[in-house]
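**Student:** Residues per chain are reported as follows:
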Amino acid sequence: MNERSVSIPRTAIAVCLTVPFVLPFLFLVSTAFRTREDYIGSRVGLPHTLTIEHLRYAWTSARMGRAMVNSLLTTSIAVVVLVTVSLAAAYWFLRHRGPISRLLLIAIASLWVVPYVIYLLPLFITLSDLGLTDNLFILGFLYAATNLPFGIFFMYVYLQRGVPAEVREAAEVDGASSLREFRSIIVPLATPAIGTLGALAFVWAWGDLLLALVTLQSDDKYTITVAATTLATRTDAGVQEVAAAAFLAILPLLVVFLAAQRAIARGFVAGVGK
Amino acid sequence: MAPALLLVVLVILYPSSVAAAKSFTAWSPGYESPWVGLANYRDLFSQPVFREVLGNQAFLLLGLPVWVFAPLFVAALLYERVPGAALFRTIIFFPAILSPAIVGILFRTILAPEGSLNEVLRAAGLGFLARPWLNDASLVKPSIIVLLAWASLGTGVIIFSAALSAVPPELFEAAEMDGASWFRRFVHVLVPSIAHVIIFWAVFQVVAVFLFIFGWIWVLTRGGPGYASSTIDYDIYQNALSFGFFGTAAAESVVLFVIVLSIITVGILGSRLVRMRAS
Numbered sequence: 013m014n015e016r017s018v019s020i021p022r023t024a025i026a027v028c029l030t031v032p033f034v035l036p037f038l039f040l041v042s043t044a045f046r047t048r049e050d051y052i053g054s055r056v057g058l059p060h061t062l063t064i065e066h067l068r069y070a071w072t073s074a075r076m077g078r079a080m081v082n083s084l085l086t087t088s089i090a091v092v093v094l095v096t097v098s099l100a101a102a103y104w105f106l107r108h109r110g111p112i113s114r115l116l117l118i119a120i121a122s123l124w125v126v127p128y129v130i131y132l133l134p135l136f137i138t139l140s141d142l143g144l145t146d147n148l149f150i151l152g153f154l155y156a157a158t159n160l161p162f163g164i165f166f167m168y169v170y171l172q173r174g175v176p177a178e179v180r181e182a183a184e185v186d187g188a189s190s191l192r193e194f195r196s197i198i199v200p201l202a203t204p205a206i207g208t209l210g211a212l213a214f215v216w217a218w219g220d221l222l223l224a225l226v227t228l229q230s231d232d233k234y235t236i237t238v239a240a241t242t243l244a245t246r247t248d249a250g251v252q253e254v255a256a257a258a259f260l261a262i263l264p265l266l267v268v269f270l271a272a273q274r275a276i277a278r279g280f281v282a283g284v285g286k
Numbered sequence: 004m005a006p007a008l009l010l011v012v013l014v015i016l017y018p019s020s021v022a023a024a025k026s027f028t029a030w031s032p033g034y035e036s037p038w039v040g041l042a043n044y045r046d047l048f049s050q051p052v053f054r055e056v057l058g059n060q061a062f063l064l065l066g067l068p069v070w071v072f073a074p075l076f077v078a079a080l081l082y083e084r085v086p087g088a089a090l091f092r093t094i095i096f097f098p099a100i101l102s103p104a105i106v107g108i109l110f111r112t113i114l115a116p117e118g119s120l121n122e123v124l125r126a127a128g129l130g131f132l133a134r135p136w137l138n139d140a141s142l143v144k145p146s147i148i149v150l151l152a153w154a155s156l157g158t159g160v161i162i163f164s165a166a167l168s169a170v171p172p173e174l175f176e177a178a179e180m181d182g183a184s185w186f187r188r189f190v191h192v193l194v195p196s197i198a199h200v201i202i203f204w205a206v207f208q209v210v211a212v213f214l215f216i217f218g219w220i221w222v223l224t225r226g227g228p229g230y231a232s233s234t235i236d237y238d239i240y241q242n243a244l245s246f247g248f249f250g251t252a253a254a255e256s257v258v259l260f261v262i263v264l265s266i267i268t269v270g271i272l273g274s275r276l277v278r279m280r281a282s
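Line by line, the protein sequences give chains A and B. Following this note's numbering, the numbering of the first sequence begins with 13 at its first residue and continues without gaps. Following this note's numbering, the numbering of the second sequence begins with 4 at its first residue and continues without gaps.
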C-alpha cells in the first residue's frame, strides 16, 4: 500500500461499492427477525419489532437444527479426511521424486477439472447398489474425495516451498523414521497450509447442494443447504421463515470466515494463481 | 499415498470412465444396457432443448468482460490511497465463500416480481424499471450474469490485489511521473504487468460457468421460465434424475467434459503466448 495522501474520490467509490454487499444481508437479517405485521407493513424499511418466532419455526418445524447437526458431521469428516489424506499424499510425493511420480501428481491434479455431474450418476448407482446412499459418513468422504485433486496439489506446492531440503535431510541422517519425521517436522511446518485447506474444505462441504441432493433421500438426513433450499421451494413456507433458515445456514460460515479469512484468501489465490 | 489413490480412483476416475462407456449404451441402471453406438449423441444434438441449453451457456459467457474487468477495476482502485482497503476487500469477499444455493434463496426473494428490489424501485419513483427479473425469458440470463458478477467480485479482487502487490511499485510511479492518465496507466501498465493472472482468472470464470452453476439454477429458476436459464449441469441432472434418460445424460456429461477440456487447453496456450511475448 502506498503511503501517500488519502484519495477522497477513491475512498468514496469504495464505500459505494460495498453497499450491494451489505444491503442484501441486512435485508435478510431484518426479514428474519421482525414480526409478520411489521414485514407486511413495509418490507424494505427499517424493522420496528424483534421476534425469534421465525427462527424458532426454522429450527424446529423446518428441522434446520437437525440439518445443522448433519452438516456439521459431514463437514467435519470432509475437513479431517481431506486435510489428512492430502498432507500424507503430498509428503509421499515430496519423498518420491522422479518422472513417474511427477506424472502421477499431474494426473491427480488434473482430475480437478472433471465435472461433478459426470461421475455423480455411476457413483450414485453404485452407492445405491451397496445400500450406501442416504449416509452422512459416506457423503463426508465424497466431499473429501472430490476435493483431493486440489488438496494434494495445494499441499505439495506448500511443502515444496515451505520445508527446506536441509530439514528433511537432517531428519534422515539422524535416522528418524518417515512417520516420525512426518509428525514432528512436516505437520508443524505445514500448519498454515492445514488451516487454509481445512477452512476451504469447510466452506465447500457446507455449501454443497448437488452431491447432497443426489445421495440423500430421507429428510432427517438433509444437510443444511438441502433443508434450506427445500424449505425455500415449498409453497407453505413464508419468506420470513425461509430468511430465518438462510440466516442459520450463513451464520456458521460467517464465524469461519471471520476466524480464517486470511487463510481462505490464501487458498483462493493459490487455487487460481497457479 | 494409498488412501489418496483409493479415494480418487473410486470416487472420480472409475465412475467417470463408467459414465463415458455408458454414453454409448441405452443405459438403464439395474437392467441390461445394450450398445447403441452414437445414438445418444445424435439424440442429444437433435433435441431443441439441448440446443437452447447450449445457447444459454454461450449467452452467460457474455458476462465474461464484466467478471474480469469489474474485479480488476476494484483491485486497481483499492491499490493505493484508500484507507481501510483491507476492510473493503473483506466485505466484498464474504459472498465468495457462501453457498450459491443459500445466496440463491436470498436473491429469489429480492428479485421476485413483488420482491424488495422492485419495491425499492417503486418507492424511488422508478417503478417503470420494475421487472419480473427471474420470470422473464429475456431478463433471466442477464440477471444471472449480474448475480455471478456479484458473487465472484471478491475472489477476483483478492487474486488481482495479490498479483498487484507482487509488482514493483516503481513501475506505476514511473508512469504517473510521466503524466499518463489513470486510464492509460490502467491499460498500458497495470493490465500488462499482471496479464498472466488475468488470463488464469478469465479461464477459471469460463470453466466455472460450466462446472459450478448448478446450485444457482436449482434455487433461482429451476432452469425456467421454460428452459430459458437451464445450463448443461442442470440439464444433466434433470435428464438423469427427473426423466430417467441415463444414456442421454451420460452423453451430455461427456460433451460437457470435452467443452471444459477445450477451454482449459485454449487457456493454457493463451497464457503461454502471453509469457512468450513478455520475455
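Take the hints with a grain of salt, since some may be wrong.
With the Cβ distance kept under 10 Å, some of the chain A side facing chain B (calculated, not the full set) [what the hints assert, rightly or not]:
no.: 1; residue: L84
no.: 2; residue: V125
no.: 3; residue: G143
no.: 4; residue: L148
no.: 5; residue: F153
no.: 6; residue: L222
Worth flagging that the hints you see were computed from the coordinates, not collected in a lab. C-beta: ideal position from N, C-alpha, C; glycine also.
**Student:** Each hint: holds or not?
**Tutor:** Comparing the hints with the structure gives:
Among the interface hints, the one on L84/A is violated; its C-beta lies about 15 Å from the nearest C-beta in chain B, farther than the 10 Å criterion. Look at V125/A: its Cβ gets to within about 6 Å of chain B, closer than 10 Å, so that hint holds up. Taking 10 Å as the C-beta contact cut-off toward chain B, the hint placing G143/A at the interface is violated, the least distance being around 14 Å. The closest approach between the C-beta of L148/A and any C-beta of chain B is roughly 16 Å, which is over the 10 Å cut-off, so the hint fails.
With its C-beta approaching chain B no nearer than about 7 Å, F153/A sits inside the 10 Å limit, and its interface hint holds. Annotation: interface hint on L222/A holds; nearest CB of chain B at approximately 5 Å, less than 10 Å.
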